[in-house]
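Residue numbers (the numbering used here), protein chains in the order written: chain A, 1 to 290; chain B, 291 to 580.
Please note that the accuracy of each hint is not assured.
Here are the simulated distance ranges between beta carbons [claimed, not checked]:
1) A:Asn-130 / B:Asn-420: 46 to 52 Å
2) A:Arg-57 / B:Ala-536: 30 to 36 Å
3) A:Asp-17 / B:Gln-344: 21 to 27 Å
4) B:Asp-540 / A:Val-189: 52 to 58 Å
5) A:Ser-14 / B:Ala-536: 35 to 41 Å
6) B:Asp-566 / A:Ala-168: 56 to 62 Å
7) A:Lys-71 / B:Thr-343: 43 to 49 Å
8) B:Asp-540 / A:Lys-71: 50 to 56 Å
9) B:Gly-359 / A:Thr-53: 27 to 33 Å
10) A:Asp-154 / B:Glu-395: 56 to 62 Å
11) B:Glu-395 / A:Arg-57: 31 to 37 Å
12) B:Thr-546 / A:Pro-153: 35 to 41 Å
13) B:Asn-420 / A:Arg-57: 23 to 29 Å
14) B:Arg-338 / A:Asp-250: 16 to 22 Å
Restricting the straight-line Cα-Cα distance to at most 30 Å, the calculated cross-link-like pairs of lysine-lysine (DSS-like) are [claimed, not checked]:
15) A:Lys-208 / B:Lys-330
16) B:Lys-515 / A:Lys-245
17) A:Lys-225 / B:Lys-447
18) B:Lys-498 / A:Lys-40
19) B:Lys-515 / A:Lys-225
No lab work stands behind these hints: they were computed from the structure.
Yeah, the Cβ is synthetic: ideal placement off N, Cα and C, and Gly gets one too.
Residues per chain are reported as follows:
2 protein chains.
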Amino acid sequence: MADTKILPGVKRWSVGDITLTVLNDGWFQGSLDLITGISKDEAGALQRAGFRTQEPRVMLNAFLLTGPGRKPVLIDSGYGSFGPPTMGRVPAALAVAGVAPEAIETVLVTHCHPDHIGGLVVDGKAAYPNAEIVLHSDEAAYWLPDAALAAAPDGAKPYFENARKALAPYAARVREQSGGEVLPGITAVHLPGHTPGHCGFRIVSGDKSLLVFTDVVHLPAIQFKQPEAGVGFDVDGDQARATRKAILADLAADGTRIAGSHLEFPAVGTVSRDGDGYRFVPDLWVADEA
Amino acid sequence: MADTKILPGVKRWSVGDITLTVLNDGWFQGSLDLITGISKDEAGALQRAGFRTQEPRVMLNAFLLTGPGRKPVLIDSGYGSFGPPTMGRVPAALAVAGVAPEAIETVLVTHCHPDHIGGLVVDGKAAYPNAEIVLHSDEAAYWLPDAALAAAPDGAKPYFENARKALAPYAARVREQSGGEVLPGITAVHLPGHTPGHCGFRIVSGDKSLLVFTDVVHLPAIQFKQPEAGVGFDVDGDQARATRKAILADLAADGTRIAGSHLEFPAVGTVSRDGDGYRFVPDLWVADEA
């Protein structure tokens, strides 16, 4: 029945010669209890002012990069089987975009939280069997060593275990990066705090560019307006806050186009000053932009 | 190739038991010369402030209504063969939504401009062969009589001719309405000015409702912020302006959810006060809302 089939969330955007395709992975139910740095009352008021549910839903996207002379690249993989049933839709979205998992040459991993890397693995096997994984060295050092798992508090151990599980099938083909160009026209931008090796990726083609700023913002109705607000998932909340404030100021000043993992689909737009804070202005949705 | 296939613009939204599916028809290149009521400079500044191109693109959507115990209903039909090649995508979007043209029981026509009714006809035949057309009586009286065509200035005659052409295959099954309930749970709301019989449709299901306000706003970056701004297509610009100002004030006061023919896809959200004017806040995109 038309009404029961889920329509995929797939939208292409052009960045010069490069096509950035946003692949919606779904959403999970969040909570105002996740918010740090501001009061729950203030966070709730911002949700209401943004016409969003009191207890926020958290959206999730992964990204596909294609273009002339390039093999397809993923940025993150979605939650895969690690998340709730409302998620794990990246493979279906990728199929709509016309790209087979075997064709993915590289997966650029922004960070090792399960909603970003859970989709790398299916039944213990590589979901992208021909892909190299590119990961910041600080991220690998934080999540992957045996000593890190051993030292993690019990409540955090599943995150460490999931990171190991997701990357295990790729053990022989993980390339560590430490910022700078990771593929032609694609530069890793270290945005630490949310996790130690949390990275965005800047895509440049001709005179066009776009920054996939990934988890700088998790809850758009709250954190653009009030960048003090963080989330409980931040490994270092103070550093994440400082990173967010600095990058939002830069983005609003220079008008850089961005995409975000947790921005509302189709998740591409520009940051604008709005009073003491900021506002995200989505790009115009045009079907045949790419 | 993945990059050359146009991905359809189809998004479902729930209004209680009723599913409103937005069907993107495409876009056409507009111009600041279209703007009435404010200066071209002011209009251009609003486009820039909204991160939109200086010369505005005009987006277009039609709408599908489905639900338990209902036969599918369309609101408008898109531009069909009357428009440029960047338009006419409603049939493809409808196919993605899983509804055959033969299944459409009713087409609620908001008004007789070609971008709203051009898709009713294909090669002189009814595109929706089993559909009844529902149209405001003032709209029928303005566009369809022979005397109206004869009296129209030469420059306007094609609009009259196109209206007659689009409705001709349905001659025996046009139902005129004059406001009020047109189908169970669906009420015509007369919003005159843009055209004499221009109508929105209010959809009510249980305690949920949504107003398809259609052509109250053509250029979102300009007309929400500055409701004085009209478009050259308005048959009665002063009346259209008064209608727009009144309905926007109501919508911002009561938080009514709206959909619009020329709002940016996926075209559903809420009107909020913003300084002296208004702002449109899109609803949260959730893949499986319906």
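Please check whether B:Asn-420 and A:Arg-57 have a Cβ separation lying inside 23 to 29 Å. Roughly 39 Å apart at Cβ, these two residues miss the hinted range, so it is violated.
Quick check on a hinted range of 43 to 49 Å for A:Lys-71 and B:Thr-343, using CB atoms only. Taking Cβ atoms as reference, A:Lys-71 and B:Thr-343 lie about 32 Å apart, which means the hint is violated.
Taking 27 to 33 Å as the stated bounds, is the beta-carbon spacing between B:Gly-359 and A:Thr-53 within them? Check passed, 29 Å falls within 27 to 33 Å.
Given a hint of 30 to 36 Å, does the C-beta separation of A:Arg-57 and B:Ala-536 actually sit inside it? The hinted range 30 to 36 Å holds for A:Arg-57 and B:Ala-536, with Cβ atoms some 34 Å apart.
Is 16 to 22 Å right for how far apart the beta carbons of B:Arg-338 and A:Asp-250 are? holds, 20 Å
Given a hinted range of 56 to 62 Å, is it respected by the beta-carbon distance of A:Asp-154 and B:Glu-395? holds, 60 Å
If you draw a straight line from the CA of B:Lys-515 to the CA of A:Lys-245, is it 30 Å or shorter? holds, 28 Å
So the hint says 35 to 41 Å: do the beta-carbon atoms of B:Thr-546 and A:Pro-153 match that? Violated, since B:Thr-546 and A:Pro-153 (Cβ atoms, about 48 Å apart) do not stay within the stated range.
Indicate whether the distance between the beta carbons of B:Asp-540 and A:Lys-71 respects the range 50 to 56 Å. holds, 53 Å
Hinted pair, alpha-carbon criterion (30 Å max): B:Lys-498, A:Lys-40. Please report holds or violated. holds, 28 Å
Taking 46 to 52 Å as the hint, is the beta-carbon distance of A:Asn-130 and B:Asn-420 inside that range? holds, 50 Å
A:Lys-208 paired with B:Lys-330 [C-alpha distance capped at 30 Å]: Holds, because 28 Å separates the two Cα atoms, which is no more than 30 Å.
Going down the numbered hints, you'll see the structure goes against 4, 7, 12, 13, 17, while the others check out.
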